[in-house]
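Undergrad: Each chain, letter by letter, is given below.
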Amino acid sequence: MAEITFSGVTKVFAGNVTAVDNLDLHVADGEFMVLVGPSGCGKTTALRMLAGLEEISSGTLSIGGRVVNHVLPKDRDVAMVFQNYALYPHMTVAQNMGFALKIRGESKSEVERKVKEAAAILRLGDYLDRRPRALSGGQRQRVAMGRAIVRSPQAFLMDEPLSNLDAQLRVEMRVEIARIQRLLGVATVYVTHDQIEAMTMGDRVAVMRGGQLQQVAPPQALYDRPANEFVAGFMGSPPMNLVRARTSPSQGRVGLAVGDQRLDVPGAYGASHDLPREEGAEVVLGVRPEDIVVVGSDAGGPTLKTRVERREALGAEILVHLSVADAGAASSVAYDEDVAVARPTTLVARMAPQARVEVGDVLMVRLNDERLHFFDGSCGVTLRRGDA
Amino acid sequence: MSVDTAPVPADTPVDRRARARRVGRGALFLVMVGVAVVMLYPFWVMIVDSLKSENQFLSGHGFSWASWRTLTSTIPIAQEVVSSTIICAVSILLILLVGLPAGFAFAKLKFRASGVIFLAIVSAMMVPLQAILMPEFVNITRLGLTGGYTGAVLVYAALGTPFSVFLFATYFRGVPDELIEAGIVDGLGYVGALWRLVVPVAIPAIATVTVLQFIQIWDDLLVGLLFIQNTSERPITVGLAVLAAGRTTSIPALMAGSLVSALPAMIVYLIFQRYLVKGLTMGIDR
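If you read the protein sequences in the order shown, they are chains S and G. Just so we're aligned: the first sequence equals residues 1 to 388 in the working numbering. Just so we're aligned: the second sequence equals residues 1001 to 1286 in the working numbering.
A hint or two may mislead.
[As the list claims (entries may be wrong)] Straight line, CA to CA, 27 Å or less: simulated DSSO-like cross-link-like pairs of lysine-lysine: (1) 74(S) <-> 1110(G); (2) 116(S) <-> 102(S); (3) 74(S) <-> 108(S); (4) 1108(G) <-> 1278(G); (5) 1108(G) <-> 74(S); (6) 102(S) <-> 74(S); (7) 102(S) <-> 1108(G); (8) 114(S) <-> 102(S); (9) 74(S) <-> 116(S).
[Stated by the list, open to error] Between beta-carbon pairs, the in silico distance windows are: (10) 339(S) <-> 1191(G): 54 to 62 Å; (11) 183(S) <-> 1110(G): 52 to 60 Å; (12) 1117(G) <-> 55(S): 20 to 28 Å.
In short, the hints are calculated from the structure, not lab data. Note that beta-carbon positions come from the ideal geometry of N, C-alpha and C, so glycine has one too.
Start from the sequences, fold in the hints, and give me the full structure.
TA: Here's what the structure looks like:
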């Protein structure tokens, strides 16, 4: 077992396409690190460089303190689980799992013992003589895991291993993979575009965009303290509401103008955030859907007048899409993959299913004044002190 | 006496479709029987005529083993079958040994000018044997290989390799990269990945190359006639040509010889036919 370090790792493909740009990332021994980001953000390329399947253009990559830039994949002592499992179709489950050990020259009895041990962990004991085509998706996925764990490698590399499974099985396997990783305590780099997987599985999550690392943090910290509006918009389902607003100070207090509406910002944010003091500076206000509540018209604090545009009942909750009244030229920020796009100023609020809200209702909503986020209007970086 | 006057239920659309399907299948069956008759008739003629003497063949009555005795006494048929088998086996082995790695390289490895080189190799498929026969003969003669099997085997291998490279490259493009990468991470090199992971899943393509090349080489007369000058090593097609080139040609003996010549190709085809269809249609459903 070992730690993994990317130091200024860059990958430039033919045609001068930079897939990974100066990546600095440290994965501790036994840590479960999730690389997450939209398609084309460089997460899979980073993983493939780690596996030795892609050459590194510049920088240093080390596993267990050993620089592996020019080390062949077979000599890196890492095991990889692929998106489509990549099981050897002409071999049985046992042969698939024992193949790497056989190549390594381990004795037949040793291979059998390790395969049986892994099969017991993965509950595959009854399927060892079957070929991959006779297995279900979940069983194939477990065989792919088994092939990795029998080797007792220094690190597990997993490239979207759950993306081919149906929703229910994905939830089961999510738990299963996390369980096995914790049981074995092997450093794991797990690539996914699914932020729910990232939030539920990783000890830490590294968010990537356009080849660049945006933030590395434990899942809850990433959710609570996003480093920029991209991370804020990417993590969470539905994502954080990001509204473009302009500063509107009044009587020494910071306020925000969202269209023609004024939003009071609690004074505490002045101490913890670098909010612009001048009139009319653009900032992006972030608020999670669960931090929006319907209140009476006379409620104080950061409130906005809105109109219900859409109502999505999900059983355990309802998602209410609200358009901000008198929004004028204000807009919302949304991310289409990794590109920021301006949308009409809407908010999505998460409410209890009992909430009596109908399309067309005009509501006064209050934003949880302890959980507001502010980002720079031009570069999108958080205005929270110490986090930028 | 009462008469049941209940109306006969009219055909439902489902009934009509089922009847149309039955009629369609019946018609298809008849067409297939017709095609089978056309295909099998020559074999039937060969079998029947090979079981007649010269006189019985002319009169159209009676059966005997006379033509088979004539065949075995006129040409060394068994030895020629062995020669044909050796030539086929070694040629196909060479074609596979070159075609498999070359096809793998073109399909899975990135190297400079691979597209142009691939195109050049594949375009060699379009050059007819007759066009390059004389230059090949000159080359093989200069190498002193016109006596036995070697010259012919080299010519057959050279002629069959472009097709095999094309077929294998096409097939291997359909093999997921992850399969090879999984092998590489597991500890194989590219050569190991080819022989231990890719070749086992390429059985349909290998069978296709084997069957098509076997039929082509086994049935070929020209190369055998030109490049194999030792009579003890000549293949069965040359033997049959000798049989047909006599002052008087015994049709029943020729039919017996043709039957011996045709059977191995049929057997090879029947053994591999289930892979052949898969090998030839690969990529169609993608």
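Undergrad: All hints, please: hold or fail.
TA: Quick rundown of the hints versus the structure:
no. : hint                           : in the structure
1   : 74(S) <-> 1110(G)              : holds (20 Å)
2   : 116(S) <-> 102(S)              : holds (15 Å)
3   : 74(S) <-> 108(S)               : holds (20 Å)
4   : 1108(G) <-> 1278(G)            : holds (21 Å)
5   : 1108(G) <-> 74(S)              : holds (19 Å)
6   : 102(S) <-> 74(S)               : holds (13 Å)
7   : 102(S) <-> 1108(G)             : holds (25 Å)
8   : 114(S) <-> 102(S)              : holds (11 Å)
9   : 74(S) <-> 116(S)               : holds (23 Å)
10  : 339(S) <-> 1191(G): 54 to 62 Å : violated (43 Å)
11  : 183(S) <-> 1110(G): 52 to 60 Å : violated (39 Å)
12  : 1117(G) <-> 55(S): 20 to 28 Å  : holds (23 Å)
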